[in-house]
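These are the residues of each chain, in order.
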Amino acid sequence: MENVRARVRVPREAAAGETVEIKTLINHPMESGHRRDGDGNLVPRSIINRFTCEFNGEVVMDVAMQPSISTNPYFEFFAVVPESGTFTFTWYDDDGDVYTETKDIAVS
Amino acid sequence: MQISRRDTLLMGLGAAVAAAIPVRAAANADAAIEAFTGGAQAGAEGITLIAPEIAENGNNVPVSVEAPGAEVITIFTTANPEATVGTFSFGPLSGVQLASTRIRLAETQDVIAIAKMADGSFLRASQEVKVTIGGCGG
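In order, the protein sequence lines correspond to chains A and B. The letter at position 77 of the first sequence is residue 77 when you use the numbering used here, and the numbering goes up by one with no holes. The letter at position 117 of the second sequence is residue 117 when you use the numbering used here, and the numbering goes up by one with no holes.
Treat the hints as calculated values from the structure; they're not laboratory data. We put the beta carbon where it would ideally sit given N, CA and C, even for glycine. Be aware that one or more of the hints could be misleading.
Partial list, derived from the structure: chain A residues whose beta carbon lies under 8 Å from chain B [claimed, not checked]:
no.: 1; residue: H34
no.: 2; residue: L42
no.: 3; residue: V59
no.: 4; residue: V60
no.: 5; residue: M65
no.: 6; residue: P67
no.: 7; residue: F75
A partial selection of chain A residues facing chain B, derived with a Cβ cut-off under 7 Å [stated by the list, open to error]:
no.: 8; residue: S70
no.: 9; residue: Y74
no.: 10; residue: Y99
no.: 11; residue: T100
no.: 12; residue: T102
no.: 13; residue: I105
Assemble the whole structure, with the sequences as input and the hints as a guide.
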């Protein structure tokens, strides 16, 4: 899907071993497959079905998403940062597209 | 076998009626939960589910669930067309086993969160959310 834009909020810096809050938002219609258009025809399902967050290759969170997740999926969760590194956020679309976003964090 | 015009009409009618009967969603949720827990009993201590008592807009209902020590938390609904909303798997770097998101609710119903703990036990929390305008485009 085109024009999908992800936004992620991660602190720029943290202390070693600190737990940091992460917020993610991605714009996507999350068409449930249960909605009908003006002519009464079912609109086919088209959603993001999986979201993952990794830090330096280690899993923080892996979400299996169903059509009951709202339009523009939003997630808020927490991660432990043992050292400086990069968060990688990945969203998997039903249509095969994959959207990624990365954020660096400096750990002192 | 000869299929008469009347039979064809009747079959069409039957199919239309079958399609119109709403899926019995509560049974749906029970089945989905059983598939997740394997029928195990779930405790109630150590899991917190935060959802509004009244949601004006069922398209966008904030839900937050926390269960310290959980490996996986799944959110279910009792009256949505699909019972399972999402499954959160916490990795080794998840700081707190807490997740917040926004979900759709087709009508007034229970939101149920079930956590699978590291020792294989399950915790369950539920809350009824009254929905003024349903989501899912119904």
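These are the hints, each one checked on the structure:
no. : hint : result
1   : H34  : holds, 5 Å
2   : L42  : violated, 10 Å
3   : V59  : holds, 3 Å
4   : V60  : holds, 5 Å
5   : M65  : holds, 5 Å
6   : P67  : holds, 6 Å
7   : F75  : holds, 5 Å
8   : S70  : holds, 4 Å
9   : Y74  : holds, 5 Å
10  : Y99  : violated, 17 Å
11  : T100 : violated, 17 Å
12  : T102 : violated, 15 Å
13  : I105 : violated, 12 Å
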